[in-house]
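Make the full structure from the sequences, and use the hints.
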Amino acid sequence: MITRLEIDGFKSFEGFSIDFSPFSAVVGPNASGKSNLFDAIQLISHLVEQDVRSALLGLRGEPEELFRRTPGGQCDTMSFAVELLLPASGTDPFGVEFEVKARRLRYEIDLQMRIGGDGGVAGIFVSREQCLRIKKSEDVSEFVRGVNKGLSYGGNIGDFLLTEFDDSGAPIFKMRQDGGSGKPRIIPARDASKSAISTIPNAEFPHLWAVRSFLSGINFLEINAKAARSENDRFEKQTMRPDASNLSAVLARIKEETSSELRPDGALNEVSHGLSRLIPSVRKVISITSTDKKEFSFEIQMADGEKFSSRVISDGTLRLLALITFLFDPKRSGLLCFEEPENGVHEGRISALVETLREASEFDLEDCLQIIINTHSPAVMSCLKDFEVIAADVVSRTEGTSPRKSTRMRRGIKSQTDMFNSEHHLTRFEVENLLRTAGDSA
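At position 237 of the sequence shown the residue is numbered 934 (our numbering), and the sequence of numbers has no breaks.
Everything labelled a hint here was simulated from the structure, so no lab data went into it. Glycine included, every Cβ here is placed at the ideal spot set by N, Cα and C. Fair warning: there could be bad hints in the mix.
Just the calculated beta-carbon pair ranges, DEER-fashion [to be verified]:
no. : residue 1 : residue 2 : range
1   : ASN727    : LEU959    : 45 to 53 Å
2   : GLN874    : GLY843    : 28 to 36 Å
3   : THR896    : ASN727    : 37 to 45 Å
4   : GLY792    : PHE932    : 15 to 23 Å
5   : GLY1041   : ASN727    : 13 to 21 Å
6   : SER1079   : MET999    : 24 to 32 Å
7   : ASP1001   : LYS833    : 54 to 62 Å
8   : PRO1100   : GLN998    : 52 to 60 Å
9   : VAL818    : GLN874    : 33 to 41 Å
This is the structure we're talking about:
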């Protein structure tokens, strides 16, 4: 899981940092930077797997537009850092099992935009990249400190990836196996068009592979109801796509892998129960495999026994089914980022939806699904616990005679009687008023 995220120079972020727990809800009005936060996480996810250009083109806007603009001009550097709590072990794409001895790591990456002689953008490169071990004595995460009994910090293992300079003064990326053993791998970094960690293909470098695997595997759900209705063939990807276009295939795979003589539907029973919790009129989710076993589809059976195919199920029901299927998939792991989960949900069921998300992210030191949502819904806000809330707004600061705006996020709600720094925390009334004020001005 990501316990901390730092951003500078990207979109609306300037000197930004925020801490996360297993379930966090970013609450704020439109245009406060909630979606930009997810864009930053998505960019990091792309950078550990793709070249810089492809990673940037995967976001909204032209690459150069993603660098923060200030009254004095445009930033030429964007910086990111994530502090991670990694799984204790894993398996690489070639079936090799590996152990993560240092489970608390910090990954940093900077991108630099170079301007050519004609004033145009000459290129965007990785200018700095590091993967550092977080020592137990230096671990400041409040959440981790509360659960770190038995957590492995790696003893005297050194750092895994550093940006240094060779004898000629040229920048290099230096990667170390398990932080010290074996000969380090050196990669020239003067014109790095991709990250060093993206060159790691397997568990030869176990910790770097674990970081790459976690970050590249972050899940972003932007469910497209029209796409989610479609039938899938047997060659379709069987882990959920962001738009849920392979929902039929995922349901079929869950049933096939978890069914037994006593439970022929396997984990689909949990999917059915989870959907019924949000839509009480639903009794059962049914996965259908064609007679030649080449195509998958699904239907929903209602409490009165009537069945409806995916072609006629409402958009709201499909959106919830895709979410519930992801949450109850035995193979789900890592981090889920989900925007506005309340869309298509009856207001009377929002409390059950929030509780479902909370339960799905219940922390387990060995196997944890982290969930980060964003919302501007007062109904969702009213269902959140104080420590789950991250309040987002835009703050204006003066630089000389020109104001500059940036995204601010404050974690956790404090009671009115607590003594706290308002720069870092808000009361529940203040967060709710932030949403009301934004709604009145819209």
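Note whether the CB distance of ASN727 and LEU959 lies within 45 to 53 Å or breaks it.
49 Å, holds
Between ASP1001 and LYS833, is the Cβ distance one that fits in 54 to 62 Å?
58 Å, holds
Starting from the range 24 to 32 Å, see whether the pair SER1079 and MET999 falls in it by beta-carbon distance.
Taking Cβ atoms as reference, SER1079 and MET999 lie about 30 Å apart, which means the hint holds.
Starting from the hint 28 to 36 Å, judge whether the C-beta atoms of GLN874 and GLY843 obey it.
Given range 28 to 36 Å: holds, Cβ gap about 32 Å.
Between VAL818 and GLN874, is the Cβ distance one that fits in 33 to 41 Å?
36 Å, holds
Starting from the hint 15 to 23 Å, judge whether the C-beta atoms of GLY792 and PHE932 obey it.
For PHE932 against GLY792, whose Cβ atoms are near 21 Å apart, the range 15 to 23 Å holds.
Please check whether GLY1041 and ASN727 have a Cβ separation lying inside 13 to 21 Å.
18 Å, holds
So the hint says 37 to 45 Å: do the beta-carbon atoms of THR896 and ASN727 match that?
39 Å, holds
Just to be sure I understand the hint, the distance between the Cβ atoms of PRO1100 and GLN998 should be within 52 to 60 Å; is that true here?
58 Å, holds
Every hint, counting from the list given before, is met by this structure.
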